[in-house]
Amino acid sequence: MFGMAKKVLIIGWDCAPPDWVFDKWIDDLPTLKSLLKKGVYGNLTSTIPPITVPAWQSMLTSKDPGQLGVYGFRNRKDYSYDGQYFSNGADILEPAVWDILGKAGKKSILVGVPQTYPPREINGHMVTCFLTPSIKSQYTYPNELRDEIEKNIGEYIPDVKHFRTEDRDYILKQIYQATETRFKTFRYLLKNKEWDFAMIVEMGTDRIHHSFWKFLDPAHPKYEKGNKYENVIPEYYKYLDNELKKTLDAVGACCGKPTDEDISVMVVSDHGAKSMLGGICINEWLIKEGLLTLKEYPKTFTPIEKLEIDWSKTKVWGAGGYYARIFMNVQGREPNGQIPANEYKKFRLELKQRIENIKDETGKKLLTVAHIPEETYKEVKRIPPDLIVIFDELRWRSVGSVGNPNKNSVYTYENDTGPDDANHAQQGMYLLSSAKGNLTGKRDDSPHLMDIAPTILDLLDVKIPKDMLGKSICGVGIGV
Amino acid sequence: MWRRDRGLITKMKTIWFCGDNEDLLTSIAEVVGEELINREQYVELIAHNEVREILGRGLKDTSEDKSTFADRLGFLGNLLHRNKVFALVVSKNISLKDRKIVKETYRNYIQVNLGNKDELTDISLNKMDEPKFNAKKVIEYLIKQNIIPEAGQGTDVYSKDEEEEIRRRLEELGYV
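Listed in order, the protein sequences are those of chains C and H.
Last residue of the first sequence: 1139 (my numbering), numbering continuous.
Last residue of the second sequence: 160 (my numbering), numbering continuous.
Hints are not guaranteed to be accurate.
[Claimed, not checked] Some chain H residues close to chain C (C-beta under 7 Å, calculated; not the full set):
| no. | residue |
| --- | --- |
| 1 | SER79 |
| 2 | GLU146 |
| 3 | GLU149 |
| 4 | LEU154 |
| 5 | TYR159 |
To be clear, the hints were calculated from the coordinates, so they are not data collected in a lab.
All of these numbers come straight from a predicted model, not from anything done at the bench.
Backbone N, C-alpha and C define an ideal beta-carbon position, used for all residues, glycine too.
Let the sequences and hints guide you as you build the complete structure.
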């Protein structure tokens, strides 16, 4: 363990894909390119599931989702049929890197780091994330920082307000506005508050991918060459590169020393992005398999939550999203369980195999994996789904609704909720740049996102807790 | 009043950390205390010399006075957990006999041993393990005994309207 820097600055670009950023756009991102030359960079393997919640907290606690007890945005709070809630910062009981740094007397600035609402006391300053209900909520620590931001920056924008609109230009405008405000806020804090560790996570990248990916990627089924929005995403990344430059300049200015000397800079993402081919209607499939029974089949495409399930004839039900959560109706566990408890493991294994054998409409087998939580995580806290299913390496999303207009098919090419452009990808990106070591632009695709927290601590010469699952990127002999 | 309430069963407990290595016991107790605070519990650590000096004031190194000291610790713990505070007591030299009396008198007693166990031990820890790992074992015991909840506090963060707003946004983004 060694100390390399007096400060660590992290720029998070949610959903930023390494295969596009490093392999296609890097020459148009001069700031990132210059960091890369003094750094090490590559793919960063995400969590199972590869989704913003819990990926960022997994990154910053170096604990897996099972240890955090968070398996996605929505989690079961009990074994009732409708007992779900939206996970938030209060669920994170493992110490994050800023908690550990705080105990070592080091100060942190956090802006927009996912799953930090509601705000907690830290040694430093915090602006919470997009899961803040509104700016009328207490979205800062300390409390009075909210007034300071209002006075010096203006109205803070936690997230794009109206995403479900066909007015793409309006979405784009919102994304840019939110990004500009967030980076202005971050730079304000960097200049005016003490810090040893500072981190911003920009969600605009995720929002723009979900909304505009089909205009960019020839691999998308709905891509049309030469369309009006083809350059929207690359242009946005250029904008982000410029925000990065402005931020590095601000840091150099505030410290009174050349940026290179004292500050290690990281640019990271929690997962990547890829074209979405379509959706698997998981509950339609379960109905066809005789595992789920509704009291009445809907006349229109209807979310499962709004339908009455006949629990006396149901063994399994599922939830939609970028991946599928599968729940089993178990005797002695659920209120009207149908699977005997002593058959649970056997049933689950058979169900896993059946799901993994789902084919596409041409009969081609999908590269689907149904993860068993106890086999995936170091430990399993709270209530995980019985299976976490990733369809065809995320080329297909999960659709929870029933009543597919396409003759009750298991396949859909129109999303029941949200956009149908991009799904996530298992590989995010990282870049670690420091002029102090002898990093020389080497690519290393081996790190996992749980390696980031130990790396931050290592850089700041703070002892890495032994129970962190990751290891410092600095310490794996890559020339630092 | 306090005499009638002595030994009232509460959810909060006095957790006695027993063993030879006082520094290590204190480290473990401190981590347990932090974990409990993170789970929004109230905690008092009765470990440092200054607390013992005050509680031991006027007492000598006799068998009878040692028993009195143990009783004072038990009494303080009882007052704390009747007021919904966990008391963490680090005790190196309290005899088994005195601890038995404290347990019978004040109840709500959990004993953690680092190294040698005795008949009152509820949780046995290994001296070779890190304090954080040992503290986790204590917390897991408390969860298993339903003394503290397992679930985080995230279930009560959003009001109904706020939850609806979050749901709308995440649905629009395709996350749910």
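Tested hints:
Look at H:SER79: its Cβ only gets to about 35 Å from chain C, farther than 7 Å, so that hint breaks. For H:GLU146, the suggested interface contact is upheld, since its CB lies about 4 Å from the closest CB of chain C, less than 7 Å. The closest approach between the C-beta of H:GLU149 and any C-beta of chain C is roughly 5 Å, which is under the 7 Å cut-off, so the hint is satisfied. The beta carbon of H:LEU154 comes within 6 Å of a beta carbon in chain C, closer than 7 Å, and the hint placing it at the interface holds.
A hinted interface residue such as H:TYR159 counts as satisfied when its beta carbon comes closer than 7 Å to some beta carbon of chain C; here the least separation is about 5 Å, so the hint holds.
In summary, the structure is inconsistent with hint 1 from the numbered list given earlier, while agreeing with all the others.
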